[in-house]
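Novice: With this note's numbering applied, the sequence shown corresponds to residues 281 to 439, in that order.
Mixed in with the good hints there might be a few duds.
Claimed, not checked - Straight-line distance between alpha carbons at most 20 Å, and here's what the computed EDC-like set of lysine to aspartate or glutamate pairs gives:
| # | residue 1 | residue 2 |
| --- | --- | --- |
| 1 | Lys364 | Asp385 |
| 2 | Lys372 | Asp316 |
| 3 | Lys350 | Glu392 |
| 4 | Lys350 | Asp395 |
| 5 | Lys379 | Asp395 |
| 6 | Lys350 | Glu404 |
| 7 | Lys284 | Asp385 |
| 8 | Lys350 | Asp385 |
| 9 | Lys379 | Glu307 |
| 10 | Lys364 | Asp410 |
| 11 | Lys284 | Asp316 |
| 12 | Lys372 | Asp385 |
| 13 | Lys372 | Glu386 |
| 14 | Lys372 | Asp393 |
| 15 | Lys364 | Glu318 |
| 16 | Lys372 | Asp395 |
| 17 | Lys350 | Asp316 |
| 18 | Lys389 | Glu368 |
| 19 | Lys284 | Glu307 |
| 20 | Lys284 | Asp410 |
| 21 | Lys350 | Asp393 |
| 22 | Lys372 | Glu404 |
These aren't lab readings, by the way, just hints derived from the structure by calculation.
None of the values given here were measured: they were computed from a predicted structure.
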Amino acid sequence: MWIKWLPPVVFIVKINVDGASRGNPGESIRGGIFRDHEGSFLFGFSCYFGIASNMKAKLLVIQQVVSYAKDHNLRSLWIESDSKMAVEILNKSCSYPWKVLGIVDEITKAFEDFDITITHTHREGNIVADSLANFGCDERKDEVLFCTVCYYKLRSCMV
Numbered sequence: 281m282w283i284k285w286l287p288p289v290v291f292i293v294k295i296n297v298d299g300a301s302r303g304n305p306g307e308s309i310r311g312g313i314f315r316d317h318e319g320s321f322l323f324g325f326s327c328y329f330g331i332a333s334n335m336k337a338k339l340l341v342i343q344q345v346v347s348y349a350k351d352h353n354l355r356s357l358w359i360e361s362d363s364k365m366a367v368e369i370l371n372k373s374c375s376y377p378w379k380v381l382g383i384v385d386e387i388t389k390a391f392e393d394f395d396i397t398i399t400h401t402h403r404e405g406n407i408v409a410d411s412l413a414n415f416g417c418d419e420r421k422d423e424v425l426f427c428t429v430c431y432y433k434l435r436s437c438m439v
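Model the full assembly from the supplied sequences, consistent with the hints where possible.
Specialist: Shown next as structure tokens:
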């Protein structure tokens with residue numbers, strides 16, 4: 281099976297995200313990339329945020345992109361994650377641990393202000409977000425934002 285990144289339709293911003301922890305709980309990282317309908321790089325981010333569970337990291341990255349979208353007045357979003365469980369939790373198609381109840385409630389409340397689709401992709405379709413998340417752990421920075429000037433650093437992952 282061939283897996284590749286698919287662009288959104290016009291006027292929708294697609295955001296690929298990855299949150300993970302090295303250990304469970306362990307050092308937690310998150311990263312993401314915002315692209316338009318042509319697949320053009322809008323901006324990306326990478327963060328290291330200390331110790332957290334894997335599920336918490338996967339949900340926190342989605343919470344973060346919704347916050348970025350609000351700050352940039354982006355209202356039509358397609359969020360894609362390689363965490364099937366996080367996608368199912370936010371699409372209300374499965375139960376979840378009580379430890380993430382607060383985060384899930386905050387995210388679903390924030391979704392009310394947007395036209396949002398959230399879907400699962402395999403890891404192979406999420407390589408750029410994975411690379412950004414790993415950069416965050418390697419650099420141990422609280423937050424690194426990549427603007428369009430930094431596109432060339434990510435170009436090899438975006439093919």
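Novice: For which of the previously enumerated hints does the structure constitute a violation, in increasing order of number?
Specialist: 2, 5, 6, 7, 15, 19 and 22
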